[in-house]
Structures are given as structure tokens and as C-alpha cells.
Amino acid sequence: MGSRSAVIVGIGRTAYRRGSGRTTLGMATEACRAALDDAGMPVSEVDGIVCFSTGDSVIPILVGYALGLDGLAYPLEIKGGGNYASIVVAQAVAAVEAGMCETALVYRSLNSLSGHRYGRVDGALVAEGHIQYGAPHGYLVPGQWFAMMARRHMHDYGSTYEDLGHVAIQTRAHAANNPHAILRTPITMDDYLDSRWIYDPFRIYDCALEADGAAAVLVTTAERARDLKQPAVRMLGHAAWLGAGGLPDQWPDMSALYSANVGPRLWDMTGLTPGDMDLACLYDCFTYTTLATLEDYGFCGKGEAGRFFADGRATYGGDVVVNPHGGLLSEAYIHGMNHHFEAVLQLRGQAGERQVKDAALCLVSAGTGPYGGALVYGRD
Amino acid sequence: MAGIDEGDSPSVRPQPGPDDDSQGYWQHLIDGDLALQRCSSCSRWQFPALERCRYCNGELRYEAVSGSGSIHTFIVQHHKVAPGFEQERPYVIALVTPDEAPEARIPARIIGCSPQDVTIGARVTAELVEHPGGSYRVAVFRLAG
Numbered sequence: 001m002g003s004r005s006a007v008i009v010g011i012g013r014t015a016y017r018r019g020s021g022r023t024t025l026g027m028a029t030e031a032c033r034a035a036l037d038d039a040g041m042p043v044s045e046v047d048g049i050v051c052f053s054t055g056d057s058v059i060p061i062l063v064g065y066a067l068g069l070d071g072l073a074y075p076l077e078i079k080g081g082g083n084y085a086s087i088v089v090a091q092a093v094a095a096v097e098a099g100m101c102e103t104a105l106v107y108r109s110l111n112s113l114s115g116h117r118y119g120r121v122d123g124a125l126v127a128e129g130h131i132q133y134g135a136p137h138g139y140l141v142p143g144q145w146f147a148m149m150a151r152r153h154m155h156d157y158g159s160t161y162e163d164l165g166h167v168a169i170q171t172r173a174h175a176a177n178n179p180h181a182i183l184r185t186p187i188t189m190d191d192y193l194d195s196r197w198i199y200d201p202f203r204i205y206d207c208a209l210e211a212d213g214a215a216a217v218l219v220t221t222a223e224r225a226r227d228l229k230q231p232a233v234r235m236l237g238h239a240a241w242l243g244a245g246g247l248p249d250q251w252p253d254m255s256a257l258y259s260a261n262v263g264p265r266l267w268d269m270t271g272l273t274p275g276d277m278d279l280a281c282l283y284d285c286f287t288y289t290t291l292a293t294l295e296d297y298g299f300c301g302k303g304e305a306g307r308f309f310a311d312g313r314a315t316y317g318g319d320v321v322v323n324p325h326g327g328l329l330s331e332a333y334i335h336g337m338n339h340h341f342e343a344v345l346q347l348r349g350q351a352g353e354r355q356v357k358d359a360a361l362c363l364v365s366a367g368t369g370p371y372g373g374a375l376v377y378g379r380d
Numbered sequence: 001m002a003g004i005d006e007g008d009s010p011s012v013r014p015q016p017g018p019d020d021d022s023q024g025y026w027q028h029l030i031d032g033d034l035a036l037q038r039c040s041s042c043s044r045w046q047f048p049a050l051e052r053c054r055y056c057n058g059e060l061r062y063e064a065v066s067g068s069g070s071i072h073t074f075i076v077q078h079h080k081v082a083p084g085f086e087q088e089r090p091y092v093i094a095l096v097t098p099d100e101a102p103e104a105r106i107p108a109r110i111i112g113c114s115p116q117d118v119t120i121g122a123r124v125t126a127e128l129v130e131h132p133g134g135s136y137r138v139a140v141f142r143l144a145g
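For the protein sequence lines, the chains are A and B, in the order given.
Quick note: the first sequence uses this note's numbering, first residue 1, plus one each step.
Quick note: the second sequence uses this note's numbering, first residue 1, plus one each step.
Just so you know, these hints were derived from the structure itself, not from any lab.
The C-beta atom is built at its ideal place from N, Cα and C for all residues, glycine as well.
Incorrect hints may appear among the rest.
[Claimed, not checked] Quick look at which bits of chain B chain A covers, simulated, 3 or more residues with Cβ under 8 Å:
#: 1; stretch: 12–23
#: 2; stretch: 55–69
#: 3; stretch: 73–85
[Unchecked claim] Derived CB-CB ranges, DEER-like:
#: 4; chain 1: B; residue 1: Gln87; chain 2: A; residue 2: Asp56; range: 29 to 37 Å
#: 5; chain 1: A; residue 1: Gly318; chain 2: B; residue 2: Glu51; range: 46 to 54 Å
#: 6; chain 1: A; residue 1: Gln350; chain 2: B; residue 2: Gly112; range: 53 to 61 Å
#: 7; chain 1: A; residue 1: Pro42; chain 2: B; residue 2: Gln23; range: 52 to 60 Å
#: 8; chain 1: A; residue 1: Thr273; chain 2: B; residue 2: Cys42; range: 39 to 47 Å
#: 9; chain 1: A; residue 1: Ser3; chain 2: B; residue 2: Asp99; range: 55 to 63 Å
#: 10; chain 1: A; residue 1: Arg120; chain 2: B; residue 2: Pro132; range: 16 to 24 Å
#: 11; chain 1: B; residue 1: Cys42; chain 2: A; residue 2: Gln350; range: 52 to 60 Å
#: 12; chain 1: B; residue 1: Gln23; chain 2: A; residue 2: Gln350; range: 50 to 58 Å
#: 13; chain 1: A; residue 1: Ala173; chain 2: B; residue 2: Gly32; range: 32 to 40 Å
#: 14; chain 1: A; residue 1: Gly317; chain 2: B; residue 2: Gly112; range: 45 to 53 Å
[Stated by the list, open to error] According to the in silico footprint, chain A covers these stretches of chain B (three or more CB under 8 Å from chain A):
#: 15; stretch: 107–113
#: 16; stretch: 126–140
Let's have the full structure, built from the sequences with the hints guiding it.
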């Protein structure tokens, strides 16, 4: 114990739909079985399951039960949103490396369209916790908090609505090559600017595509991985920062995100640079998250991300391919776990029409506002 | 302490749910003051409310602020995210920094103006208004002068 290493050996997912008609348990179980099938590993070897949850979800021990397991040595459910979508993978790797379990599944399962909606509240509400101050003014959903930050970025760095539009347009163009993506029809800047306001500075095309589904990754020891079906993918480093007590309005510099703290730590830890990344699966609950994290992780300077997208530097033939699957904006809002699926698929060279040539290193980020994390995956 | 009215008409705006740390904030509004916590040891302001000062663990007391401040950032709310604002939309929600408490950013509606008139850095003045659907009052802001 202590010196063994863990790698990613399998990925799985359900169909992503606008209305699943299924339970989060049923979808989590399917995604987990798919990850095991992908690896060619029997379910009986799983002794750890990790997930994060907010809104609707399902607990790891129940997924283990539905998979036919008698119990789990390492079940862990982290309370939180997409800001934990990298921490859960890092946690599974750490648990396997520490010998607390041998093989761990990591999943996110949610009905973000037909079940719990993050973007609105229906009916009477007594607002508790930090939303008690804003909710009486109709200020209580995450997109509003991050729109506040986007406005501040526009003020401080001169970014524009069109900059956000370039992110939406490029992300959709990528989704057009992904049969698993829900929205695949390309959009133009006119389409973007004509789309309806949600909370200015965000229009509908700036917001994640609420959808239903599940995605999973499978982690086990590098030694065991040698006998499995797929080439292994390794996590080369992980960093996170969950700041301001989770109070978005109190984040000191509203024109930056958590990533301003995570980026330097991640590059320092891995000895890599943004220029080394072949692709980046950037958490994109809103276009602004892509824009600000691209800057914070050092792919370009502050206020330059819109131009970076407009100039084709975020796609094939450019500096780094950002969200080749279409991200949360166009593939589906699977809370960031779909980014891990895409990263592993690309690094295995199995992404078909949208394959990033010779993809060897991928940044995957998770979260926005004051809280999030990121990791780098590389081919083992 | 004020409470929510009986019934849950879908058009009722969200009501505050005070806790033991924040009830003073809401009670001061009912009594006619916008008041924030301030540390009796290090004098720093604290918002949102906590039990003790997060900087020095000192005792917190509520202290009224003038209600003058500036807009740190804002959004224009077009889409329905909560019931009760059908007549207001589109309307401006801002994070307001009170002059006395630069550490604090208070979320509130900006009333009495067109969204086009609102800018970051604009000066604002608080006004306390009844909150429909219960017996609370909230602070809203108007552009100054």
C-alpha cells in the first residue's frame, strides 16, 4: 500500500434526453454498467462508488445494490454541484491509491430537465441560508449569480455580448459532430443576438442545456488495468479551490472565477502549461464560465477569450480544442461528468468524426463562480 | 418575529427564512433600519450574518448604515425564476456596496428607473418597503439624485 497508482479504465453513459422518463437510480446503474462493460471488468470487482449530488440524485450504496453488490468498502456522496465534478474523480483515484478500495465507480445521474430544475423555483418558498437576502428580490438561482460576475468582467475588461456569443457558436459547431449531443444545429451571431434574454447579460444560448441522463467513469489500479480492454488514462494532477464560503456575491474579484486560484496550482503541480493541452473540456454551465476559465487557466490574457474563440483558436487547427463534444451548452447538462467521458474517449483516440488528432493531454475543469477544480488527464 | 402569511398562492414572492444569526437583520428592517453586523473588536462589517466575526472571532452587533452606496454589478431580470415578479419584469437586481461597509455586497432590486439607466458604480439610496405576502420589509434602492 502507498506506492500503487490508479488509472481510469472505463467510461459509460446513458442517452441524454429532454425528459428521460426514468429514475436517477436506473440511469446511474446503466452508466456504471456501461463503464464496466467498456473496461471488460466484472461488476463483482467494484468495492467503491463515489458521486456528488445536489437537487436530484441517488446514493452510492443504492447504486451498488442495483448493480448486484452486497455492499461497498468505500461509498462516498459529496454534497454539491458541478464544482465537485473533478473532486469526485480525484477522490476515487486517491481512495484506490491509498488502498481504501480496489475499484471505484464515479457517476453523476440527474433529471435536470424533468426532475429538479436549477434555474427556477415554482410555488411558495421560504428562502433559507445565503439566498434569504436575495430571494425576496427574485435573486436566487445560480445563473443569476454568475451573470453578476459576467457583467463585472465586461466592465473591468471590456468583454462583450458578442464574446459570449462566440463561445456559444463554437460550442454548438462542435456538437454538430457529436451524435450523442442533444442540440446539433449550428447557430450564427444573429441567431445568438436575437435569442431571448434570461437575465441580461445572459441569453438563452448562454445557458446550459438542461437535460436528463447519467455518466460514469471507472477507476482501478494500474496493475489491474494491464489486463483490461481499453488503454488506461491517467490523472496527472488535480487542484481545487472552493472559496468565499460558497457565497458567490462575496467572491472578492468578480471578474475572475475560482480558476484564478486553481490554474497556477495545477500547472505548478503537473509541470505542464496551457500550451501543452491538446483539448480542454471546460465546465460550461454558462458561456461566461468557458470564457473566464479559459483566461484564468492561462490560455489567453484577461478580456481576450472572446477574440480567442472568434479567431478559431479554440477549435481544430487552433491552440486547443475546447469542448469538442458540445459541452453542457449543447451536448447536455450532465453536471460536468460528460466532460470526463469525452476527455477519456479523446485520449483513447475513439472520438470518431470529432477526434482531436494525436490527443495526449486534456484539461477538464469543473465548477464556476467561487468554487471549482480541474484536473489534467494524459494517456498512460 | 414576522412570519409568512397562511396559504401558498403561486404568485407570492419568496419570503425570507431568518436563522439565529440573521434574525437581527430582518428585525431591524421591520423596525425601520437597514443594519448590518459589525464587529465590536475589530470594527469590520459582516454580511451575510454569522454568529461571530470571521476575522477575529469578536462579538457582532447590528449597526445601521445610511443606505447610501454604489452598484458593484447588476443583472436585468427578464425570465421568470420565482413567482411574484410578473409586473416587474424586466427589472434590475444589483449587488450594492454600502458606503460604510465596503466588505458587504447586498443583493436588491433597483427601482424607479429604466434598466438602461443603470451602470456599475452608480450611486444609490436605500428605501425600505413592505414585502408582499408576509410581514417582512426589504431594502430596495433608487438611483441617487
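Outcome of the hint check:
no. : hint                              : result
1   : 12–23                             : holds (count 9)
2   : 55–69                             : violated (count 0)
3   : 73–85                             : holds (count 13)
4   : Gln87/B <-> Asp56/A: 29 to 37 Å   : 32 Å, holds
5   : Gly318/A <-> Glu51/B: 46 to 54 Å  : 51 Å, holds
6   : Gln350/A <-> Gly112/B: 53 to 61 Å : 58 Å, holds
7   : Pro42/A <-> Gln23/B: 52 to 60 Å   : 56 Å, holds
8   : Thr273/A <-> Cys42/B: 39 to 47 Å  : 41 Å, holds
9   : Ser3/A <-> Asp99/B: 55 to 63 Å    : 58 Å, holds
10  : Arg120/A <-> Pro132/B: 16 to 24 Å : 19 Å, holds
11  : Cys42/B <-> Gln350/A: 52 to 60 Å  : 57 Å, holds
12  : Gln23/B <-> Gln350/A: 50 to 58 Å  : 57 Å, holds
13  : Ala173/A <-> Gly32/B: 32 to 40 Å  : 56 Å, violated
14  : Gly317/A <-> Gly112/B: 45 to 53 Å : 52 Å, holds
15  : 107–113                           : holds (count 3)
16  : 126–140                           : holds (count 4)
Going through the hint list in order, the structure does not satisfy hints 2 and 13.
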